[in-house]
Amino acid sequence: MGYDYLIQYCIERHNVVANALSRSDGQCLILSVPQFAFLDELQRNLSSSEAFHNLVRNINDHPTEFCDYRIHEGLVIFKGCI
Numbered sequence: 038m039g040y041d042y043l044i045q046y047c048i049e050r051h052n053v054v055a056n057a058l059s060r061s062d063g064q065c066l067i068l069s070v071p072q073f074a075f076l077d078e079l080q081r082n083l084s085s086s087e088a089f090h091n092l093v094r095n096i097n098d099h100p101t102e103f104c105d106y107r108i109h110e111g112l113v114i115f116k117g118c119i
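With my numbering, the residue at position 27 of the sequence shown is 64, and numbering never jumps.
Treat the hints loosely; a few may be bogus.
Claimed, not checked - The following label-pair restraints were derived from C-beta to C-beta distances:
#1 S86 <-> A55: 45 to 51 Å
#2 Q80 <-> D105: 19 to 25 Å
#3 S85 <-> H51: 31 to 37 Å
#4 D98 <-> L68: 22 to 28 Å
#5 Y46 <-> L112: 28 to 34 Å
#6 I119 <-> I44: 37 to 43 Å
#7 S86 <-> C118: 15 to 21 Å
#8 R107 <-> R81: 38 to 44 Å
#9 S84 <-> D105: 21 to 27 Å
Rather than coming from a laboratory, the hints here were simulated on the basis of the structure.
Owing to the predicted nature of the structure, the values given are computational and were not obtained by experimental measurement.
Just so you know, even glycine gets a beta-carbon here, dropped at the ideal spot from N, CA and C.
All chains should be built: construct the whole structure from the sequences, respecting the hints.
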């Protein structure tokens with residue numbers, strides 16, 4: 038499994054983003070937004086699991102027996118872990 042990519046040379050004056058980053062004044066501002074695509078895939082896979090649906094049903098029907106469990110956005114959380 039590889040990656041499809043293209044390496045393309047840009048003349049310095051046309052490559053303003055790379056030039057700006059390489060001539061930084063020492064400050065770097067970064068915006069990071071988490072992507073939780075794996076959670077979406079996990080939810081899709083669990084939606085067809087009979088065992089998962091039985092667990093959710095038991096947690097909802099018998100909360101005192103499953104006090105360490107909770108349901109959050111369609112996932113089962115056990116002691117703070119998915």
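So, going through the hints one by one against the coordinates:
no., hint, result
1, S86 <-> A55: 45 to 51 Å, "holds, 47 Å"
2, Q80 <-> D105: 19 to 25 Å, "holds, 21 Å"
3, S85 <-> H51: 31 to 37 Å, "violated, 50 Å"
4, D98 <-> L68: 22 to 28 Å, "violated, 44 Å"
5, Y46 <-> L112: 28 to 34 Å, "violated, 46 Å"
6, I119 <-> I44: 37 to 43 Å, "holds, 39 Å"
7, S86 <-> C118: 15 to 21 Å, "holds, 18 Å"
8, R107 <-> R81: 38 to 44 Å, "violated, 21 Å"
9, S84 <-> D105: 21 to 27 Å, "holds, 23 Å"
In this structure, the hints that do not hold are numbers 3, 4, 5, 8, in rising order.
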